[in-house]
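S.K.: Sequence:
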Amino acid sequence: MRFQFIEDHRQEYSASLLCETLNVSVSGYYAWRKRPMSSQQREDGQLAEHVQAAYHANRGVYGSPRVHAELQAQGIKCARKRVARLMRELELAACRPRHRNRTTRSDPSARSPEPLGS
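Residue numbers for the sequence shown, in my numbering: 2 to 119.
Note that these hints are calculated values from the structure, not bench results. Take these hints with a grain of salt, some might be off.
[Stated by the list, open to error] Once the Cα atoms are required to be at most 16 Å apart in a straight line, the calculated EDC-like pairs of lysine to aspartate or glutamate come out as:
| no. | residue 1 | residue 2 |
| --- | --- | --- |
| 1 | K78 | E50 |
| 2 | K78 | D45 |
| 3 | K35 | E8 |
| 4 | K78 | D108 |
| 5 | K82 | E71 |
| 6 | K82 | D45 |
| 7 | K82 | E44 |
| 8 | K78 | E92 |
Please construct the entire structure, taking both the sequences and the accompanying hints into account.
M.R.: Structure follows, in C-alpha cells:
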C-alpha cells in the first residue's frame with residue numbers, strides 16, 4: 002500500500018524522498034515495481050469488474066450479500082467476504098432508501114396532561 006502511494010505521487014515528489022518519508026527502502030520500492038502481479042491480484046481485478054457491473058446494473062442499491070448472490074447466479078464462484086472487501090476498496094456501498102412512517106402526529110396547540118395525584 003505504501004509502494005502504491007509512492008507510485009501515485011512520483012510526479013510531485015522524488016521516489017527517494019517519498020521512500021524516506023514513508024520509512025521504506027528505495028530498493029524495495031523498485032523491486033515492487035518490477036514484480037509482476039500475483040494471480041490473486043489479477044483475479045481480484047477481473048472480479049472487481051463483475052462486482053461493479055452487478056452493482057451498477059441494480060442501480061447501486063445492492064450491498065455485498067446481494068452482489069455476491071448475483072455473481073453466484075451468473076456462475077461466478079467467489080466468497081462473500083471477498084466481494085465485501087472489493088466493494089470497500091471500490092467505495093461501493095448499498096444505497097438504502099430511508100422511509101419513516103409517522104404514526105403519531107402531535108397537535109402543538111393541545112394541552113399537556115396534568116400529572117397524576119395533583
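S.K.: Taking the hints in turn, state whether each one holds.
M.R.: Do the hints match the structure? See the list:
{"no.": "1", "hint": "K78 to E50", "result": "14 Å, holds"}
{"no.": "2", "hint": "K78 to D45", "result": "12 Å, holds"}
{"no.": "3", "hint": "K35 to E8", "result": "12 Å, holds"}
{"no.": "4", "hint": "K78 to D108", "result": "56 Å, violated"}
{"no.": "5", "hint": "K82 to E71", "result": "14 Å, holds"}
{"no.": "6", "hint": "K82 to D45", "result": "12 Å, holds"}
{"no.": "7", "hint": "K82 to E44", "result": "15 Å, holds"}
{"no.": "8", "hint": "K78 to E92", "result": "22 Å, violated"}
When held up to the earlier numbered hints, the structure conflicts with 4 and 8 and fits the remainder.
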